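Chains W and L are the protein sequences, given in the same order.
Those letters in the first sequence? Residues 1 to 587, by this note's numbering.
Those letters in the second sequence? Residues 588 to 667, by this note's numbering.
Since the hints were derived computationally from the structure, they do not count as laboratory data.
All values derive from a computational prediction rather than experimental measurement.
Warning: the hint list may mix true and false statements.
[Claimed, not checked] Computed, partial: chain L to chain W, Cβ under 8 Å: (1) T592; (2) R595; (3) L603; (4) D606; (5) R625; (6) P635; (7) A637; (8) L643; (9) M644; (10) G645; (11) P649; (12) K652; (13) K660; (14) A665.
For glycine and all other residues, C-beta sits at the position ideal for the given N, C-alpha and C.
Spelled out, the chains give:
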Amino acid sequence: MTMEKRSFDTLIVGAGGGGLRAALQLSQADARVAVVSKVFPTRSHTVAAQGGVNAALANVSPDNWHWHMFDTVKGSDYLGDQDAIEYMCRAAPRAVYELEHFGVPFSRLDSGKIYQRAFGGQSRNFGGEQAVRTCAAADRTGHAILHSLYQQNIRARTHFFDEYFAVDLVQNQQGYFLGAVAMDIASGEPILIEAKTTILATGGVGQLFRTNTNALVNTGDGMAMALRAGIPLQDMEFFQFHPTGIAGKGMLITEGARGEGGYLLNGDGERFMERYAPNARDLASRDVVSRAIATEVREGRGVGPNGDHVLLKLDHLGSDIVKKRLPGIRDMVMTFLHIDPAETPIPVYPTAHYTMGGIPTNRHGQVVVPVQQGAEEPVPGLYAVGECACVSVHGANRLGGNSLLDILVFGRAAANHVIRHLKEQRYHQPLPEDASEPAMQRLARWNREGKGESIAGLRIALAKTMEEHCGVFRNQDVLREGQEKVLALRERLAEAYIDDHSQVFNTARIEAMELENLVDTALATVSSALAREESRGAHSRIDFPERDDQHWLKHSLFSLEDLKMDYKPVRIKPLTVESFPPKKRTY
Amino acid sequence: MSERTRLRWKCRRGMLELDLLFGDFLDSGYEHLDAGERQSFDHLLDYPDAVLLEWLMGRIQPTDKDVVQLVDKIRSAASD
Ligand SMILES: Cc1cc2nc3c(=O)[nH]c(=O)nc-3n(C[C@H](O)[C@H](O)[C@H](O)COP(=O)(O)OP(=O)(O)OC[C@H]3O[C@@H](n4cnc5c(N)ncnc54)[C@H](O)[C@@H]3O)c2cc1C
Chain W
1 MTMEKRSFDT
11 LIVGAGGGGL
21 RAALQLSQAD
31 ARVAVVSKVF
41 PTRSHTVAAQ
51 GGVNAALANV
61 SPDNWHWHMF
71 DTVKGSDYLG
81 DQDAIEYMCR
91 AAPRAVYELE
101 HFGVPFSRLD
111 SGKIYQRAFG
121 GQSRNFGGEQ
131 AVRTCAAADR
141 TGHAILHSLY
151 QQNIRARTHF
161 FDEYFAVDLV
171 QNQQGYFLGA
181 VAMDIASGEP
191 ILIEAKTTIL
201 ATGGVGQLFR
211 TNTNALVNTG
221 DGMAMALRAG
231 IPLQDMEFFQ
241 FHPTGIAGKG
251 MLITEGARGE
261 GGYLLNGDGE
271 RFMERYAPNA
281 RDLASRDVVS
291 RAIATEVREG
301 RGVGPNGDHV
311 LLKLDHLGSD
321 IVKKRLPGIR
331 DMVMTFLHID
341 PAETPIPVYP
351 TAHYTMGGIP
361 TNRHGQVVVP
371 VQQGAEEPVP
381 GLYAVGECAC
391 VSVHGANRLG
401 GNSLLDILVF
411 GRAAANHVIR
421 HLKEQRYHQP
431 LPEDASEPAM
441 QRLARWNREG
451 KGESIAGLRI
461 ALAKTMEEHC
471 GVFRNQDVLR
481 EGQEKVLALR
491 ERLAEAYIDD
501 HSQVFNTARI
511 EAMELENLVD
521 TALATVSSAL
531 AREESRGAHS
541 RIDFPERDDQ
551 HWLKHSLFSL
561 EDLKMDYKPV
571 RIKPLTVESF
581 PPKKRTY
Chain L
588 MSERTRLRWK
598 CRRGMLELDL
608 LFGDFLDSGY
618 EHLDAGERQS
628 FDHLLDYPDA
638 VLLEWLMGRI
648 QPTDKDVVQL
658 VDKIRSAASD
């Protein structure tokens, strides 16, 4: 088959905040940039971020980047790389002022300065009083960032391939990455996009879990593309859960609801948090509440015909309080459940929120892999930024407001590194004739005729398996069984077929390829979780309840080949300041 | 068929709330729309996610009458 081919200096897969920030920097430096996005760019998941972006501007409380750095290291449960964290926190104020310059309409204080709000985990003076660090554009920060960056890119003449699905990366025999094969979703036509450098910015993989807060597009495509290209994924066992998502749907109900006096009930009508956290009860930390809910359900004290959730009770607060203090929650619950939380308790279950792990990179966004026994080395031509990457600034647990910062800072840093690289790399590497063969086979595979299980059914089975076996409740037996089930699902998927072989807007084929990506990232997640025999940050093992710095202060690396686990040290040494040694994490 | 799948892809949004509302509506409500309403639905999907969210959560009333009706239908098609 002859295939269309286009050439660019840089190909960016993904048009969320990370991809667009990188694209803008490159286009402004006169590089020829292509951005591929499977959905229209301003429908990327970054649009969902409401809270804001962290930067120590000190507009509301005293603050500085060093305190921000301390909070981030501590929040990461000491698994974050301190050089990358120092770099990010120092760069934060500039990243925010740049946004202002790009046209993001930040909310304002009376003084005219950018408005900041307080978020959990923010402190002054290395663990002291609450700091106020999150810069916000009303409750539409992500939307404002995404739209401003998109407009700026149009102005800078970035070339967009809208509604193109990236299938696989292309590399030569020397392991040099040379672009990707994508498919125009509207026509079904494949295209080879050749590039001197490729940046993956495909976002997270919340769709792994039945109950999650993420948009449907978050299927970990870039992570799976990296895995298939022989690159390991880092720290995939660390997935952030929020205790109260709407059961079976996933949307967040903020802590505010419990802060106002709401509490949880099990199937026996018991206020069970009293058993798990006698003092803090329903306001205990996120992981404690999440695990308590999962335990109640596992032990048969759930609510509903399938006993698969618990209830969040607000009706005792009175309708005035609910309407006045929790209007957003009330709107959402009324829209989706057709019940008024001022009268009827809300069915809830822990919901998967953020992927801390991803494609390993250094602080320049270069994808790095271990080389034999030696130190890690950059993979030529390949970069990754944003939630699909693991740089690693979030370590075992991300702080709210730090992920928008991550995508901006490292989107820019990666682009700057690419610009330097392009100066030396004037010409495209020769592209082997069969370079796109693996990607084409992957596409062709879904044209096969036959009868098999449905993709939708398998996707539900995977999400359920991950929720039951790799959710907030983890121990060796549960995880091992989970790994076996994911492997079995992987085989079933290999035998599945789709009925629709048409070309135009064949969403069945896209969904099948997304499921392949989900299955591989699921395998990475459950295998890494099974291997890590300690509890740290978001990864909590019932059978290993303590953090174990002696054996586990290290990053996990999962490879698809033989499902191999490998490890590398955490970068404890910051760029210029003293390192923060691991301490017990208390708040 | 391809018209429906084109819309299905256009219903893929950046926010889970919208994914669910539009997805459910496409499965259960869309077929009952007349030709004009179908066109309005297509146009509705051109609005930014943040605007759609305000409308569909009932926080803000759209000014356009056609849109108001459509928003009501989408809200009532949301499955429990
Ligand atoms: C409900 C919610 C609220 C949040 N609030 C905050 C907050 O207040 N503050 C904060 O800091 N963080 C917040 N986060 C986290 C933050 O929004 C994300 O981590 C961040 O936006 C990710 O940006 P990204 O650029 O990495 O990826 P995304 O914005 O997810 O973009 C991914 C891009 O990749 C494209 N893509 C993916 N696969 C393919 C493929 N195969 N082919 C072509 N294109 C592809 C998509 O089309 C998209 O353009 C929130 C997250 C959620 C779920």
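Now for the hints, and whether the structure bears them out:
Annotation: T592/L was flagged as interfacial toward chain W, and the flag holds, the nearest CB pair being 4 Å apart, inside 8 Å. A least Cβ separation of about 5 Å between R595/L and chain W falls short of the 8 Å threshold, and the interface hint therefore holds. This hint holds: L603/L has a C-beta 5 Å from the nearest C-beta of chain W, less than the 8 Å allowed. Because the smallest distance between the Cβ of D606/L and any Cβ of chain W comes to about 5 Å, under 8 Å, the interface hint for this residue holds.
A distance limit of 8 Å between C-beta atoms decides the matter here; for R625/L the minimum to chain W is near 16 Å, and the interface restraint is violated. Hint status for P635/L: holds, given a least beta-carbon distance of 6 Å to chain W, under 8 Å. Annotation: A637/L was flagged as interfacial toward chain W, and the flag holds, the nearest CB pair being 4 Å apart, inside 8 Å. A cut of 8 Å between beta carbons decides the hint on L643/L: the least distance to chain W is about 7 Å, and the hint holds.
Hint on M644/L holds. Least Cβ distance to chain W is approximately 4 Å, under the 8 Å limit. At about 6 Å, the closest approach between the beta carbon of G645/L and any beta carbon in chain W falls short of 8 Å, and the interface hint on this residue holds. Interface restraint check: P649/L against chain W, minimum CB-CB distance 15 Å, threshold 8 Å, status violated. A hinted interface residue such as K652/L counts as satisfied when its beta carbon comes closer than 8 Å to some beta carbon of chain W; here the least separation is about 21 Å, so the hint is violated.
Against a cut-off of 8 Å between C-beta atoms, the interface hint on K660/L is violated, since the closest Cβ of chain W lies about 13 Å away. The restraint placing A665/L at the interface with chain W holds, with a minimum CB-CB distance near 6 Å, inside the 8 Å limit.
Checked against the numbered hints listed earlier, the structure breaks hints 5, 11, 12, 13; every other hint is satisfied.
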